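J.: For reference, the chains in residue letters:
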Amino acid sequence: MKRLFFIFLFMLALPAPAFAIQPDEVLSDPALEARARAIGQELRCLVCQNQSIDDSDAELAHDLRLVVRARLKAGDSDAQVKHYIVARYGDYVLLKPPFKPETYILWLGPLALLLAAILGVVFFYCRRGVS
Amino acid sequence: MTRRLLFLLPIVVFSALVGFCALRLILVAHGHTPDLIPSVLVNHPAPAFDLPPLLADTPGLRTDDLKGKVTILNFFASTCVPCRAEHPLLAGLKGDGVTLAGIPYKNRSTDAASWLENAGDPYDAIGVDADSRTAIDFGVYGVPETYVIDRRGTIRFKQTGPLTPELIRQRLEPLIKELKK
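For the protein sequence lines, the chains are A and B, in the order given.
Residue numbers in the first sequence follow this note's numbering, run continuously in steps of one, and reach 131 at the last position.
Residue numbers in the second sequence follow this note's numbering, run continuously in steps of one, and reach 312 at the last position.
Hints may be right or wrong, so weigh each one.
Unchecked claim - Straight-line distance between alpha carbons at most 30 Å, and here's what the computed BS3-like set of lysine-lysine pairs gives:
| id | chain 1 | residue 1 | chain 2 | residue 2 |
| --- | --- | --- | --- | --- |
| 1 | B | K237 | A | K96 |
| 2 | B | K289 | A | K82 |
| 3 | B | K237 | A | K73 |
To be verified - Counterexamples of contact, computed for chain A against chain B with all Cβ distances above 12 Å:
| id | residue |
| --- | --- |
| 4 | R3 |
| 5 | P23 |
| 6 | P30 |
| 7 | A87 |
| 8 | P101 |
These aren't lab readings, by the way, just hints derived from the structure by calculation.
These numbers were taken from a predicted model, which means no experiment stands behind them.
Positions of the beta carbon are idealized from the N, C-alpha and C atoms, including for glycine.
Model the full assembly from the supplied sequences, consistent with the hints where possible.
T.: Next up, the structure:
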């Protein structure tokens, strides 16, 4: 019982997800803000490189958050907003690389390796079975 | 016999991998570093901008100013040490038909102005990009960054990081010569 109580206390102490978004950046329309958050999570902060622009305190991340919100307010779709940023910073700004000819090795390489390994194992055991 | 060779396959593959990595390292040592983040804007038209002047005696900067001459556009900041390192080289880039333009990035105008007053102002034009939107349109993510823009207003080259005498000699000077033709 006492243990459960302490577990409960620890659960209360779990921190809320920490974002770098400043109060004055938040849009008054909750639906637009939710879309801005979803997009911000997918965009790389180019200064810190392994944080999304929502997680980063860098000034560039702040500027990009404002750009995302300005585009959404202007009526852009989520895809249009991302395209706007990619047109300036390249695919690198996307935390998840797009699936296109330059990235086929990246996406399909592990699968090809796995297939080759399975074929190798099957081949090995079939040969052994015969002899 | 073939089974013996198959046994060697992992070693061959591993050696090839080591060879590839060694080759890349040697290339980097010789200065063939791939751009940290390649610019997607090279061979695209420069974005539109209209920036007010920073100094009383140096004009501001507009997209239309790019037309008809080769422009070297340098994003800088008084607070950035590599910018100070490349600063003495900038004046040497100017010349007949070549404009040197500057945009302070994330730099208070008073700081940028007083630094140029002390270190010298090599720029033909300086535009104040107060909300950094022009920098974002150029894909700037740090300073210094330098762009070479041709007479039609197309970006032809981007340097991320400071200019060096070697880079100017090997890349910028031949490019500018070609663009001036």
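J.: Just double-check A87/A for me: nearest Cβ-Cβ distance to chain B has to come out over 12 Å.
T.: violated, 7 Å
J.: Check the non-interface label on P30/A: least C-beta distance to chain B beyond 12 Å or not.
T.: holds, 25 Å
J.: Hinted pair, alpha-carbon criterion (30 Å max): K289/B, K82/A. Please report holds or violated.
T.: holds, 23 Å
J.: Taking 30 Å as the top limit, are the C-alpha atoms of K237/B and K96/A close enough?
T.: holds, 28 Å
J.: Holds or violated: is the Cβ of P101/A farther than 12 Å from all Cβ atoms of chain B?
T.: Fine: 16 Å to the nearest Cβ keeps P101/A off the interface.
J.: Could you grab the alpha-carbon distance between K237/B and K73/A and see if it respects the 30 Å cut-off?
T.: holds, 25 Å
J.: Was P23/A rightly flagged as not at the interface, with every chain B Cβ beyond 12 Å?
T.: holds, 19 Å
J.: Could you let me know if the closest chain B CB is still more than 12 Å away from the CB of R3/A?
T.: holds, 50 Å
Violated hint: 7 only; the structure is consistent with all others.
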